[in-house]
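Each chain, written out:
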Amino acid sequence: MRKGHASAVRSRLTFYERMEPYLFLAPALLIFCVFLIYPFVRTNYLSFFLTDKYGQAKVFWAFRNYTDIFKDKSFWISLKVTFRFVLMVASGGLIVGMITSLLTVKKYIGNAFAGAVYAMPVAIASAAASMSFKMILHPTNGLLNILLGTSINWTGNANWALYSVAAMTIWLTSGINFIFISAGLRNIADDLYESAAIDGAGYWRKLWHITLPGLSPTLFFQIIINIIGAFQSFSQIRLLTRGGPGDATNVIVYNIYKNAFENFRFGTAAALSVILFIIIMGITLMQFKMEKRSVNY
Amino acid sequence: MKKKLLSLVMLVVMGLSVVSFAGAQAAPIEIVFWHSMGGVNGEAITKMVEDFNALYEGKIKVNMEFQGTYDDAIAKIMAAGMSALPVDVVQIYDIGTRFMIDSGWAKPMQAFIDAEGYDITQIEPNIAAYYTVDGRLYSMPFNSSTPLLYYNKDAFREVGLDPDVPPKNFDEILEMARKLEVRDDANNLTRSGFGMGNYGWFFEQWVGKQGKAYVDNGNGRGEKPAAKVVFDENGAGKDILNIWHKFLVEEKVFDYLGQGNDNAKQAFISGNIAMTLESTAALKSLLVNIGDSFELGTGYFPNINAGDEGGVSIGGGSLWALASGDEAKEEAAWEFIKYMISPEVQAFWNAQSGYFPITVATHDLDAFKENILKYPQFQTAIDQLHDTSAEYVGSLLSVFPEARQLVQTYTEKLIQGEMDVDATVAGLAEKINSAIEIYNLTN
Numbered sequence: 001m002r003k004g005h006a007s008a009v010r011s012r013l014t015f016y017e018r019m020e021p022y023l024f025l026a027p028a029l030l031i032f033c034v035f036l037i038y039p040f041v042r043t044n045y046l047s048f049f050l051t052d053k054y055g056q057a058k059v060f061w062a063f064r065n066y067t068d069i070f071k072d073k074s075f076w077i078s079l080k081v082t083f084r085f086v087l088m089v090a091s092g093g094l095i096v097g098m099i100t101s102l103l104t105v106k107k108y109i110g111n112a113f114a115g116a117v118y119a120m121p122v123a124i125a126s127a128a129a130s131m132s133f134k135m136i137l138h139p140t141n142g143l144l145n146i147l148l149g150t151s152i153n154w155t156g157n158a159n160w161a162l163y164s165v166a167a168m169t170i171w172l173t174s175g176i177n178f179i180f181i182s183a184g185l186r187n188i189a190d191d192l193y194e195s196a197a198i199d200g201a202g203y204w205r206k207l208w209h210i211t212l213p214g215l216s217p218t219l220f221f222q223i224i225i226n227i228i229g230a231f232q233s234f235s236q237i238r239l240l241t242r243g244g245p246g247d248a249t250n251v252i253v254y255n256i257y258k259n260a261f262e263n264f265r266f267g268t269a270a271a272l273s274v275i276l277f278i279i280i281m282g283i284t285l286m287q288f289k290m291e292k293r294s295v296n297y
Numbered sequence: 298m299k300k301k302l303l304s305l306v307m308l309v310v311m312g313l314s315v316v317s318f319a320g321a322q323a324a325p326i327e328i329v330f331w332h333s334m335g336g337v338n339g340e341a342i343t344k345m346v347e348d349f350n351a352l353y354e355g356k357i358k359v360n361m362e363f364q365g366t367y368d369d370a371i372a373k374i375m376a377a378g379m380s381a382l383p384v385d386v387v388q389i390y391d392i393g394t395r396f397m398i399d400s401g402w403a404k405p406m407q408a409f410i411d412a413e414g415y416d417i418t419q420i421e422p423n424i425a426a427y428y429t430v431d432g433r434l435y436s437m438p439f440n441s442s443t444p445l446l447y448y449n450k451d452a453f454r455e456v457g458l459d460p461d462v463p464p465k466n467f468d469e470i471l472e473m474a475r476k477l478e479v480r481d482d483a484n485n486l487t488r489s490g491f492g493m494g495n496y497g498w499f500f501e502q503w504v505g506k507q508g509k510a511y512v513d514n515g516n517g518r519g520e521k522p523a524a525k526v527v528f529d530e531n532g533a534g535k536d537i538l539n540i541w542h543k544f545l546v547e548e549k550v551f552d553y554l555g556q557g558n559d560n561a562k563q564a565f566i567s568g569n570i571a572m573t574l575e576s577t578a579a580l581k582s583l584l585v586n587i588g589d590s591f592e593l594g595t596g597y598f599p600n601i602n603a604g605d606e607g608g609v610s611i612g613g614g615s616l617w618a619l620a621s622g623d624e625a626k627e628e629a630a631w632e633f634i635k636y637m638i639s640p641e642v643q644a645f646w647n648a649q650s651g652y653f654p655i656t657v658a659t660h661d662l663d664a665f666k667e668n669i670l671k672y673p674q675f676q677t678a679i680d681q682l683h684d685t686s687a688e689y690v691g692s693l694l695s696v697f698p699e700a701r702q703l704v705q706t707y708t709e710k711l712i713q714g715e716m717d718v719d720a721t722v723a724g725l726a727e728k729i730n731s732a733i734e735i736y737n738l739t740n
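Chains as they are written, first to last, in my numbering: chain A, 1 to 297; chain B, 298 to 740.
FYI, nobody ran anything at the bench for these hints, they're computed from the structure.
Only a predicted model underlies this, so the values are computations on that prediction, with no experimental measurement involved.
Heads up, a few of these hints could be off.
[What the hints assert, rightly or not] Once the Cα atoms are required to be at most 20 Å apart in a straight line, the calculated PhoX-like pairs of lysine-lysine come out as:
1) K73(A) / K728(B)
2) K728(B) / K404(B)
3) K549(B) / K521(B)
4) K525(B) / K53(A)
5) K53(A) / K626(B)
6) K71(A) / K728(B)
Produce the complete structure using the sequences and hints provided.
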């Protein structure tokens with residue numbers, strides 16, 4: 001029996017043997033389906049309907065949710081605001097993370113303490129940080145105005161609101177950037193620096209020709225994570241500005257939230273989500289294309 | 298040995314079944330209560346529920362669950378359907394009334410009242426009127442509030458204004474604010490005479506204060522639900538937005554304080570603004586937070602124009618009972634609601650929060666009288682409500698949460714200079730009308 005089976009194994013597996021890998025995959029697939037694929041399909045479906053107050057599809061609306069969005073001036077403002085915000089946060093978080101990790105890469109007294117401080121934002125929930133910043137940025141008796149001796153309406157003035165929220169978000173994302181970039185720095189072989197030093201390279205030269213190329217996989221990964229994270233920033237906007245003043249900080253994610261959970265127009269919210277999905281997917285694909293050119297593994 | 302073990306197991310099993318049987322006999326009926334009261338008011342409501350549980354020990358047990366803001370609570374209910382949620386009594390805000398009636402999930406209070414012959418005249422008529430539609434009381438008013446003007450009496454004295462005469466309309470506010478403001482050497486405002494949060498509720502109140510309607514079809518209380526807004530046609534919206542424009546753009550009385558009331562309240566407490574607008578529900582927390590730093594005064598919510606003859610309508614929340622079909626639970630919910638509006642409990646609630654005592658008999662209690670004597674500020678809100686004719690009961694609109702949000706956003710567009718007053722009113726009306734249209738199409 002065993003012998004015969006062994007000879008036929010390549011061509012004819014038993015039912016169990018064929019099913020076995022899928023059984024192992026099943027738990028993961030199930031979770032994937034329930035929490036990712038089903039909601040994704042459902043979102044696409046809902047985006048073609050008007051929903052009633054319980055969020056059930058009620059009236060088939062074809063593409064009108066989409067055309068209404070594209071006709072709405074505030075959507076285009078919101079898109080512009082989103083891109084500005086993402087650009088500021090993704091690059092700002094990376095730069096701050098880069099600087100802080102370069103500052104702590106050499107061993108010195110207090111190095112561990114400084115590292116802990118720079119990594120700290122990772123451990124702070126964005127909602128808690130937003131509540132603190134609400135006090136710090138308060139227009140009449142906020143800490144920041146008192147320290148600077150100014151009377152700037154950080155979150156209530158359209159010229160400042162987006163920068164205020166972005167600055168806070170940069171600080172929040174700098175922690176995770178710091179951790180990953182620090183780890184990346186430690187992976188660069190010391191002999192590279194030594195031979196460069198023998199060749200007479202200074203600090204900036206080494207940074208440009210060894211550190212940056214050596215870090216490129218980390219930086220590439222961090223840029224993607226930063227961009228996706230920035231696109232999805234929500235709590236600081238909800239708590240600090242509620243998308244205002246006017247549409248000044250009305251990023252797409254907040255717009256989606258507003259439509260779904262304040263206005264109970266799930267159709268519009270679903271359509272906006274699909275648009276956001278396409279944007280993020282497009283950007284990520286573009287980045288992977290660029291990766292081939294500029295990342296050294 | 299084996300036998301001994303077996304008998305031991307049997308004994309244990311029997312013992313357990315006796316215990317569980319006894320437990321089933323004495324187990325109180327458990328109901329779940331969702332509320333949205335945080336801070337000082339949250340502490341008060343917790344105490345009230347604990348007292349109820351102690352009083353009804355062994356009979357009814359209320360498990361209370363804090364749900365965050367009113368918006369969060371109603372969002373949960375909308376998303377899941379009340380009957381699918383483990384909740385028997387829920388606190389819903391004023392503007393959720395139309396939604397809750399339309400949903401059909403709740404058992405109207407009128408059903409309990411009729412069944413028991415409960416004397417409904419015990420409830421403040423002005424307040425009950427808001428929650429009465431087609432002659433039926435749908436939910437039990439519980440925490441009712443109106444907006445008030447709060448002012449800093451010490452600042453009034455300092456600049457020679459009579460601390461017992463608050464302004465009645467925005468002309469007077471502007472005049473007094475000019476006297477109350479303090480500037481530093483660089484001519485920056487260190488204290489504004491007046492400042493208010495950008496809160497959509499105020500807009501609704503000012504429409505009523507002008508004696509005008511917000512929406513058509515009997516202000517949304519007619520047989521058919523509202524089909525469109527009318528504050529654009531009757532001029533109410535324009536007058537309100539003119540005030541915003543005047544105070545923030547032309548006269549620069551105060552610096553914009555953001556949406557909602559948090560920033561304004563904080564600025565008022567720390568003495569950075571001398572007059573502000575807030576709900577009566579903030580009274581206790583203002584008293585606690587201000588402490589001894591200055592004397593707090595309260596006045597009627599100001600009129601937009603000097604000659605306005607309308608009135609304020611109540612806001613805040615009411616208690617809705619779920620129609621679960623489980624008679625024991627529904628009865629328990631009714632007992633609980635009756636307790637929460639009983640005169641003694643309402644006197645405590647009023648003193649701890651600033652919400653109105655909704656039961657008339659509360660006014661005769663010593664506890665209530667003592668509190669008013671100690672803090673006469675509580676009287677203003679009650680007088681203001683009693684001075685308002687029941688015809689200004691306020692509008693009902695299914696899409697109020699969205700409308701309120703739109704009001705706030707468009708007010709910001711106005712003060713950022715994106716559009717002028719007329720364009721703002723028109724844009725706002727158009728947006729709310731399209732929201733109503735879509736709602737009526739799908740529900």
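Now for the hints, and whether the structure bears them out:
no. : hint              : result
1   : K73(A) / K728(B)  : 12 Å, holds
2   : K728(B) / K404(B) : 33 Å, violated
3   : K549(B) / K521(B) : 43 Å, violated
4   : K525(B) / K53(A)  : 18 Å, holds
5   : K53(A) / K626(B)  : 27 Å, violated
6   : K71(A) / K728(B)  : 13 Å, holds
Of the numbered hints stated above, those contradicted by the structure are hints 2, 3 and 5, listed in ascending order.
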